[in-house]
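Colleague: Go ahead and model the full structure; you've got the sequences and the hints to work with.
Add 1 to the 1-based position in the sequence shown for the numbering used here, that's all there is to it.
Treat the hints with care, as some may be off.
[As the list claims (entries may be wrong)] Calculated lysine to aspartate or glutamate pairs in the EDC-like style (CA-CA distance at most 20 angstroms, straight line): (1) Lys177 to Asp126; (2) Lys66 to Asp47; (3) Lys205 to Glu136; (4) Lys192 to Asp126; (5) Lys11 to Glu21; (6) Lys177 to Glu106; (7) Lys192 to Glu106.
What the hints contain is simulated information worked out from the structure, not anything from laboratory work.
Note that this is a predicted model, so its numbers are computed, not measured.
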Amino acid sequence: MQDRQRVNTKSDTVYEFIKEQIHSGVFKPGDRIIIREISRQLGVSDIPVREAVKKLASEGFLEVKSHSGARVAALNIQSLEEIFLIRVELETLATRLAVRSATPEEVAQLEACVRKMEESYQNNDMASYTAYNREFHQLLYRASHAPYLVEIIENLYVRSDNSKKIFQHDPERWRKSNAEHREIVEAILAKDEERAAKVIRYQKESGFRGVLNALRLSQSLLGG
Numbered sequence: 002m003q004d005r006q007r008v009n010t011k012s013d014t015v016y017e018f019i020k021e022q023i024h025s026g027v028f029k030p031g032d033r034i035i036i037r038e039i040s041r042q043l044g045v046s047d048i049p050v051r052e053a054v055k056k057l058a059s060e061g062f063l064e065v066k067s068h069s070g071a072r073v074a075a076l077n078i079q080s081l082e083e084i085f086l087i088r089v090e091l092e093t094l095a096t097r098l099a100v101r102s103a104t105p106e107e108v109a110q111l112e113a114c115v116r117k118m119e120e121s122y123q124n125n126d127m128a129s130y131t132a133y134n135r136e137f138h139q140l141l142y143r144a145s146h147a148p149y150l151v152e153i154i155e156n157l158y159v160r161s162d163n164s165k166k167i168f169q170h171d172p173e174r175w176r177k178s179n180a181e182h183r184e185i186v187e188a189i190l191a192k193d194e195e196r197a198a199k200v201i202r203y204q205k206e207s208g209f210r211g212v213l214n215a216l217r218l219s220q221s222l223l224g225g
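Modeller: What follows is the structure, encoded as structure tokens:
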């Protein structure tokens, strides 16, 4: 049992490493993932690398073919459109439920995230802003107290997160986005379900539209 746990821990480490390499652009769409090289680089056997590759393939980050091995998956606009369409509806639902169910402690955590994002914006710290933005939405959806819904949203997030690297972040959009976060918290405090739903839907639709437009432009430039 302990041996198996050690393998799982190493597999998790490899998983996070490969995922970060994809997000940072070190591994680009179409690049081969050579198991032996990663094993040597991280000082592990092939087994945890193969397990990590299998997990990343199940989440859509990698494509595995019998003859060519694992490669970084290309961004598929049609698939992303479907995922984003579903995410808008589910994240709006989770926000509605959060208005009904959020505890005072959860609202305080959301308020703290908004303050941290404001500080990140003032310091022009995109990495921190992105991390706190992610934390805010996780806290918001968990405040729905609907674990199955949260699990589905998280799974869809993982499947579409790789698309964000194509999107150029606009500091002015950060400011507007955090104003929306603040409005969502105010709506929760006021028990205004319609207002919270309207804000989250607008934020998600506009954000997803920006990603898709940037991706289409990128693919058009590459193709032409």
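Colleague: State for each hint whether it applies.
Modeller: Results of checking the hints against the structure:
1. Lys177 to Asp126: holds, 16 angstroms
2. Lys66 to Asp47: Holds - the C-alpha atoms of Asp47 and Lys66 are around 18 angstroms apart, at most 20 angstroms.
3. Lys205 to Glu136: holds, 16 angstroms
4. Lys192 to Asp126: violated, 32 angstroms
5. Lys11 to Glu21: holds, 15 angstroms
6. Lys177 to Glu106: violated, 25 angstroms
7. Lys192 to Glu106: Within the cut-off at roughly 15 angstroms; holds.
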